[in-house]
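Novice: Generate coordinates for the entire structure from the input sequences, incorporating the hints supplied.
First to last, the sequence lines map onto chains A and B.
Going by this note's numbering, the first residue of the first sequence is number 1, and it counts up by one from there.
Going by this note's numbering, the first residue of the second sequence is number 81, and it counts up by one from there.
No lab work stands behind these hints: they were computed from the structure.
Some clues are possibly wrong.
To give a feel for the contact side, a few chain B residues facing chain A, derived at Cβ under 10 Å [stated by the list, open to error]:
1) W85
2) L88
3) A106
4) Q161
5) F163
6) S240
These numbers come from a predicted model, not from an experiment.
Backbone N, C-alpha and C define an ideal beta-carbon position, used for all residues, glycine too.
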Amino acid sequence: MDYEGQKLSELLFHIFILTFGGVGWVVGYFAQNFTYVFYAWAFGTAISVVLCVPDWPFYNRHPVKWLDQIPTSAPEKKNN
Amino acid sequence: MHTVWVRLNAVVFFGLTVLLGLSILAALSKYGHSNRTKPIIHDLSLNTLRSLKSHGGVDRALLSFDIHADLRPAFHWNIKQLFVYVVAEYATDTNPRNQIILWDKIVEATDLDDAKVLKQDNIFVKYALVDQADELRGKDVQLQLHWDHMPLTGSLHQDSQGRETMSTFTLPEEYQ
Chain A
1 MDYEGQKLSE LLFHIFILTF GGVGWVVGYF AQNFTYVFYA WAFGTAISVV
51 LCVPDWPFYN RHPVKWLDQI PTSAPEKKNN
Chain B
81 MHTVWVRLNA VVFFGLTVLL GLSILAALSK YGHSNRTKPI IHDLSLNTLR
131 SLKSHGGVDR ALLSFDIHAD LRPAFHWNIK QLFVYVVAEY ATDTNPRNQI
181 ILWDKIVEAT DLDDAKVLKQ DNIFVKYALV DQADELRGKD VQLQLHWDHM
231 PLTGSLHQDS QGRETMSTFT LPEEYQ
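Specialist: Quick look at the structure:
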């Protein structure tokens, strides 16, 4: 995964887990039932694992630009 | 974030941290609930005294009681279960204050509403009323309901029936 891909992956799982957890928490608060929070959180985390852990192609759209090889110009050693 | 394992670790532990945060917020959202909203005890009183005998030098009373208590107000989303117990309280010369647990029950948040209203007559004690010595005869005994709130997140909190609503009965002067 390239560096831009890693940034994207981290951003995505932060958003997914916090959003699913947060919405689940609000629903759970009004229902006075923590089960809603837990299942919403678990679903968000599971999606994040599938979306953010494997090296999907869209995480490799900005490959690192390596520099060209520098030609070596060191002279050969000669014995005296 | 450069290998699968690093990313898996990051996702899972971020997830667990968020879950911890959500749990703590849920606990905080119900702060003070137990002081404002309490179970309603309609009745907790003696039904029948079966026996009062001396066993190996100590006094032992067996009895049955009636109970009608509505525990539903104590429940909220951070309560896993209530541990409810009936305490008999009396005074003797040896011990100015004795508290003996006669009966207990676990009432879970997932139980149906009917199970959260304890309404039953003639419940026989689970644990006998046993004195440390032989001083039960002729004593006034009061019954009090106690309950522990066992939360999903947070510490245990114990509460009990108001002292002014406790019922009293008197044990006989002679063994029976």
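Novice: None of the hints should be skipped; say for each whether it holds.
Specialist: Tested hints:
Because the closest C-beta pair between W85 of chain B and chain A is about 9 Å apart, less than 10 Å, the hint holds. Taken as an interface hint, L88 of chain B checks out: its beta carbon lies about 5 Å from the nearest beta carbon of chain A, inside 10 Å. Of the supplied interface hints, the one on A106 of chain B holds, with its beta-carbon coming within about 6 Å of a beta-carbon of chain A, less than 10 Å. About 13 Å separates the beta-carbon of Q161 of chain B from the nearest beta-carbon of chain A, more than 10 Å, and the hint is not met.
The interface hint given for F163 of chain B is violated, since its Cβ lies 19 Å from the closest Cβ of chain A, which is over the 10 Å cut-off. Because the closest C-beta pair between S240 of chain B and chain A is about 24 Å apart, greater than 10 Å, the hint is violated.
In terms of the numbered hints stated before, the structure departs from hints 4, 5 and 6, listed from lowest to highest.
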